[in-house]
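Position chain W against the provided structure of chain Y, taking the given hints into account.
Number of protein chains: 2
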Amino acid sequence: MSVEWSGLGPELLVKLDRDTTTPLKTQLESTLRTAIQTGRLGVGERLPSSRELASTLGISRGLVQDTYAQLQAEGYLTTRVGSATRVANTAQLPPATPRPAKPRIGTDFAAGVPDLANFPRNDWVWAMREACRSVPNAMLDYGDPRGSPQLREVLAAYLRRVRGAAADPERMVISTGFSQGLAVTLRALAANGITKIAFEDPGYADTSVAACAQSGTTAIAVPVDEDGIDVDALDATPARAVVLTPAHQWPTGVVLAPQRRQALVEWAARKDAVIIEDDYDAEFRYDREPVGVLQGLAPDRVVAIGTVSKSLVPAVRLGWVVCPPGLADAVAEQKSFSDRGSPGLDQLTLARMIESGRFDRHLRRMRPVYAQRRTALVEALANFGIEVTGLAAGFHAVAHIRADEHAVIEMAREQDVGLYGMSAQRSNRAATPSQLVLGFGNLTERAIQAGIAKVGHLFDT
Amino acid sequence: MSVEWSGLGPELLVKLDRDTTTPLKTQLESTLRTAIQTGRLGVGERLPSSRELASTLGISRGLVQDTYAQLQAEGYLTTRVGSATRVANTAQLPPATPRPAKPRIGTDFAAGVPDLANFPRNDWVWAMREACRSVPNAMLDYGDPRGSPQLREVLAAYLRRVRGAAADPERMVISTGFSQGLAVTLRALAANGITKIAFEDPGYADTSVAACAQSGTTAIAVPVDEDGIDVDALDATPARAVVLTPAHQWPTGVVLAPQRRQALVEWAARKDAVIIEDDYDAEFRYDREPVGVLQGLAPDRVVAIGTVSKSLVPAVRLGWVVCPPGLADAVAEQKSFSDRGSPGLDQLTLARMIESGRFDRHLRRMRPVYAQRRTALVEALANFGIEVTGLAAGFHAVAHIRADEHAVIEMAREQDVGLYGMSAQRSNRAATPSQLVLGFGNLTERAIQAGIAKVGHLFDT
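From first to last, the protein sequence lines stand for chains Y and W. Under this note's numbering, the residue at position 388 of the first sequence is numbered 392, and the numbers go up by one with no gaps. Under this note's numbering, the residue at position 276 of the second sequence is numbered 280, and the numbers go up by one with no gaps.
The shape of chain Y in the complex, shown without the other chains (with noise of 0.2 Å):
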């Protein structure tokens, strides 16, 4: 039944279908909630009376009454005794634009991205499936803000395992990526009164500058050269914590010298400060096994930052911090009142795939995968002449080219390539030389090859 409503004007229509399962009462209140909210029925109009409306419609007065009277009790109607009921006073809004899609790009060499076709989807579902039939209701509850004591336990078994960490189920919390884990320590530094943080450079760059400004905390540039982190130059700055990347330096791909890590941790200990390891992609190391995390030598002195969202998908958004003692639970309380811990599922999720060894499987699959991929660049990078180097570990590389890095960026995309400049990681942008900085763990061999086949004649214009 479709019935104009005359006494307000020909464009409202009040449209109740008897043959759903949806109530007569939830049609008609839904109806004039949005002609309320959209404005076709604007703010002080007089609505017909119950007895009027009822008539109208054909359906009973006491329906409408209580439609009036839902609708007066969320604040959309007015009724004054004696006076006729009266459309309250709402805002309307236009529905909004949806913001332009980031444009898709050919080949695009975006760092930072693992295979995302090869995610273990079933693997993942077996490992969801497993953990929800197991759970005890009472993990299904907010739990211990740092995490699943069960992922916990089987993520410090693996640490000690493949990243020679000492790792301590006690003092980890779980987070939901490298960003969290950041954004929570670096709170709990500012808590402990450490706010001047070093970064490498080149490194975060922008992204430190961010993250330091939303905890309170001012980020200071470090030089990096190609035994990793300037420890000097470090000693030189106010700085009493440093971020860094010592197994496969972000961007450069520089691994962190012997005497630099001895060093580093005797700075660490002379100033009382804090080391926090950003532990990414060492799992995929193809010269020879990757160097263990710096955590393992100085574990009172390193936070220890990792993510699975290289070595299964960011989607899944899972992360840890291992922590030393006079931190742990700064850190947990900050990740408390960031979210009050991480999905309880997909930790015990996470959990079910290490035990079973799916997640060891699934980094012995990648790792041919990727390696291959990584020749694959080098080598057509080497038909136009041009050097690679940070290629130790991970999906990333460094090209050293001669033209121009921003002017290649330009023209490669025009050709449906998507190129990216060190540049944009120097704390100086107009610092040289010219690189780029290129990911290759989301391209297929084809993609590459073809890929720097269309762009490589730009390096050396």
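Hint data in this document are derived by calculation from the structure and do not stem from the laboratory. Hints should not be assumed to be uniformly reliable.
One copy or any two copies: either way a pair holds, since identical chains are not told apart in the list.
Stated by the list, open to error - List time: in silico DMTMM-like cross-link candidates among lysine to aspartate or glutamate, alpha-carbon distance up to 20 Å:
hint, residue 1, residue 2
1, K29, D291
2, K200, E134
3, K200, D464
4, K106, D231
5, K29, D119
6, K275, D234
7, K106, E337
8, K275, D239
9, K200, D234
10, K106, D420
11, K106, E157
12, K106, D145
13, K19, D276
14, K29, E293
15, K106, E174
16, K29, D333
Treat the numbers as computed from the prediction; the structure is a model and nothing was measured.
Positioned in the frame of chain Y, the structure of chain W alone reads:
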């Protein structure tokens, strides 16, 4: 094979197992690393030469050399030309003492916990499998920090239909629950210069003070009476934002009266202020249809925050923030700073739960379950002459007792019954009257009856 390493004292055993798939080098390396990490090999201690150790263990010298090189690269060993290999400067930590687990209370009337045993595990696994099967690879990457476009679409429709919201997916952010939703909203307000935030009293009390401190804002307590928050009292404060629970006030259970709704919206317009609506349990209303969200009345002024922590379980960790146009970008930015976005697969899983009708079905199934528990509580308390209020929705109620609430709580705990007082939710803990806030969502009818039977005699003494 198990060899006692006599040169380093009898306590260190190197055990190499030739029958596992773990390479001998990995075994040796891990043994030495752990020995250094635990202090069994002390700082400065000299290691045997590679020739010597190889001969003792019956393995190749190259293998020992590789192991030493790896541990040197990691910073555990130092080698100078012409000098022995020694243990470098590392720190050891004693294992942390596990935190004592919270004691389980026999019958716990803690509020805010839904029926954990009735979580639709099979539906969730089904929806997760569907999500994992159908998710495009590109959606496994970091996504829009606002959350999955699909879930925002589905949730906006749900909130329009069920909660009378004026929800626009472009102005929604998917959070990991109310805590995070509030945290990112407060930070977004602070970034917009709004730093005085009113909260209901009784209300979140300590939690709101802490949440404000974390975001650089200040909490101001505003009294609640039987019609909800006192808008005149609010108007007298310098607050330019207010956090409230209109559909079912936490913890008193009153419903915000229609004239207060209008007054609040007018206050917000006059003061250019923001209303933060915590729509936490209105899905479960017993006496009539739930009151629609305030957000529908004034979408230009209201931030509506919701979560599935009550409708499903807290461990799912998903929620939403429906933003006014002026705040949508700032909230999305804060969400990005906080964790770069909520878990992708979980979001698609919830979308499938809602789209498939399984979410509604679960709510339909739970309403009579909670209604029966509610009746059981009211009747059990009536046996002791105790009046109960605040029962319009959700699964907690306020019991008005004559005895001192603190004394009652303490004595009940001795009987293994968990009771909770209103004073913990007040800004002034000494305020009266004596009231208990009793949750009944996660207790069976029998548990409710038995629990109250045990402690009911305390309420009057």
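Okay, the hints, checked on the actual structure:
1. Taking identical chains as interchangeable, the C-alpha atoms of K29 and D291 lie at most 20 Å apart only when they sit on different chains, with a minimum of 16 Å there against 70 Å within one chain.
2. Taking CA atoms no more than 20 Å apart as the test, K200 paired with E134 passes in neither setting, with 45 Å inside one copy and 47 Å between copies.
3. For a Cα distance limit of 20 Å, the shortest separation of K200 from D464 qualifies neither inside one copy, at 41 Å, nor across copies, at 58 Å.
4. Neither within a single protomer nor between protomers do K106 and D231 lie at most 20 Å apart by alpha-carbon distance, with minima of 37 Å and 48 Å respectively.
5. Within a single copy, K29 and D119 get their C-alpha atoms no closer than 52 Å, and across copies no closer than 30 Å, so neither meets the 20 Å cut-off.
6. Taking the closest pair of Cα atoms, K275 and D234 come within 20 Å of each other only inside a single copy of the chain (16 Å); across copies the shortest separation is 53 Å, beyond that limit.
7. Taking the shortest Cα distances, K106 and E337 sit within 20 Å of each other only across copies (17 Å), while inside one copy they are farther apart (36 Å).
8. Taking identical chains as interchangeable, the C-alpha atoms of K275 and D239 lie at most 20 Å apart only when both belong to the same chain, with a minimum of 9 Å there against 50 Å between chains.
9. Taking CA atoms no more than 20 Å apart as the test, K200 paired with D234 passes inside one copy only; the shortest distance there is 17 Å, against 44 Å between copies.
10. Within a single copy, K106 and D420 get their C-alpha atoms as close as 13 Å, which meets the 20 Å cut-off; across copies the closest is 57 Å, which misses it.
11. Only between protomers do K106 and E157 lie at most 20 Å apart by alpha-carbon distance; the minimum there is 18 Å, versus 40 Å within a single protomer.
12. For the identical chains of this complex, K106 and D145 are inter-copy neighbours only, at 13 Å across copies versus 38 Å inside a copy, given an alpha-carbon limit of 20 Å.
13. For the homomeric pair K19 and D276, neither the shortest alpha-carbon distance inside one copy (72 Å) nor that between copies (37 Å) is at most 20 Å.
14. For the identical chains of this complex, K29 and E293 are inter-copy neighbours only, at 10 Å across copies versus 69 Å inside a copy, given an alpha-carbon limit of 20 Å.
15. Taking the closest pair of Cα atoms, K106 and E174 come within 20 Å of each other only across two copies (15 Å); inside a single copy the shortest separation is 42 Å, beyond that limit.
16. Taking identical chains as interchangeable, the C-alpha atoms of K29 and D333 are never at most 20 Å apart, the minima being 53 Å within one chain and 37 Å between chains.
The structure fails to meet hints 2, 3, 4, 5, 13 and 16 from the earlier list, while all remaining hints are met.
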